[in-house]
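**Student:** With these hints in hand, go ahead and build the complete structure from the sequences.
Take a look at the letters that make up each chain.
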Amino acid sequence: MLASILVLATEAATTTADNLLGQAAGDAKTVKNPILPTVNEMFWAAIFFIALWALMKFVLLPRITKVMDGRTDKVRDDLAAAEAAETERVAKLEQYEAGLAGARVEAVAILEASRAEGDAERRTQIAAAEAEVAAARAEAAAEIADAKARARSELTGSITDIAVGAAEAVIQKPLDRAAQGRIVEDYVNAAGQN
Amino acid sequence: MIFGLEFPPIENLVEWPNLFGPTDSWYGFNKIALINLVALVGTAVLFLVAGRQKTLEPVTNAPKGSRNLVESAVAFIRDGIIVETIGPDGLRYLPFLASLFFFILITNIFEVIPFFHMPGNARMAGPAVLALLTWVYFIAVGIKHQGLKYFWNSVAPAGVPKALLPLVVPIELLSTFIVRPFSLAVRLFANMLAGHILLVTFTVLCITLWGASLLLAVLPFSFLMLVGLTGFEIMVAFLQAYIFTILASVYIGSSMHAEH
Amino acid sequence: MSILAQATTAAEAALTAADQKSISAAGYAGLAYGLATLGPGIGIGYLVGQSVQAMARQPEAAGMVRTTMFLGIAFTEALALIGFVVFILLKFV
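Chains as they are written, first to last, in the numbering used here: chain B, 1 to 194; chain C, 1001 to 1260; chain X, 2001 to 2093.
Label-pair restraints from in silico Cβ distances:
| no. | chain 1 | residue 1 | chain 2 | residue 2 | range |
| --- | --- | --- | --- | --- | --- |
| 1 | B | Ala81 | X | Gly2045 | 48 to 56 Å |
| 2 | B | Glu83 | C | Val1168 | 49 to 57 Å |
| 3 | B | Ala54 | C | Ala1163 | 42 to 50 Å |
| 4 | C | Met1225 | X | Ala2062 | 28 to 36 Å |
Derived from the structure by calculation, the hints contain no laboratory data.
Glycine included, every Cβ here is placed at the ideal spot set by N, Cα and C.
**Tutor:** The structure is reproduced here in structure tokens:
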């Protein structure tokens, strides 16, 4: 499509140019076509461009690309070195972390051991204290029971005396003290139980 | 003549008398040839200054100054043009394409350089030579890579039914071997000539308005337009160098491998 | 244009046929260039619009799209430039 249009346009342009050129040639003054290339300019353009091309190929560009390639290589090497350093770092990090994990396990173990030891110590101390307390309590209880029994026997004796005395006063005759004493003791015991 | 505005005839805009050598001789050296010479010398000096190397410092350090400029341009041609259109195996064409790019860019940029104010490619000669060289180059690359089968491969794309070949072959023949160089040259030439005429028009307008009494009010707009267009033409100069180079690269790339 | 022709009736006799043809060619040069810009204008607008859309949808493919866009612009623009060359030929030669 583009091709055919371009070709048509070219034909139109060249025929017009030819007509006008022919007409111009017929005139006295020759009008130069501003479109058509002139030989001298083409000659110099070709010379200078081909010179630039040759210079570019053999002198100018190699000096630039050499440095650019050198830099690219250096960047690649540096990147590789950085990569190696990174791998090493990761390895070291893993090693360190492994060490750290071991240390942590050890610390936990020590902690557990000390905690167990402390527990045991505490438990024995508590047991000792409890035993001591129990002993003191038993002693106190025995003392109390002793005091209670003494008080009771004292009380029983005096109550028997009072009761027998009172009864003798009531009935005007001496009573069997031993038999009355048993009865009073029974009552006191019954009352102590209540 | 409109309102005293006299536009110069076009041959006064683009045709330059010879600096030496007789008129109409084949070696007459005029302003266009001088611009082409400056493109050669300028590129060479730029590369030599950028490429000077006393120590290993440029390799180990980031590029700066002229080296940075040249390396960016070369990297742009290499990565932005060749690798994108041909692929990594097109890097051996870097010298040709880099020469094209710098030569066209510098001859174009003279459109806005004071005391020159003439794009070297606003004459058909430069673009015609470059397009012709590109044409020879991509045909040579095709013959080198595919042998004489290149001509048949390029006019008869694979996958076209045999019945269509009488229709396809002439079209492809025209578009590959005639339209390609023609459109390459005309694109560059017409862009630069149009830009040149545009700048000249506004300059002439500014000069004419300077003497006008009533229309002087329009002068600032005309001048601002001229400044804006100068910036636009710098962009066009770069863009046309880029487009010429990338098209040359595409053509060379299409010669390297038979089309599928 | 007709007014101009009537005004110059006297001078017309002095003009040769070639001069008349040149004058009419110059008159139509602007029209030719104007017509030549229409298609490429639409084409480049559509092309760049679609490319921007593609770049917006897939920013990672922007480099490839941009290269192809410039190639497409170069091909489309060629038509307008041919029109410009014809304009120069008609107008100034």
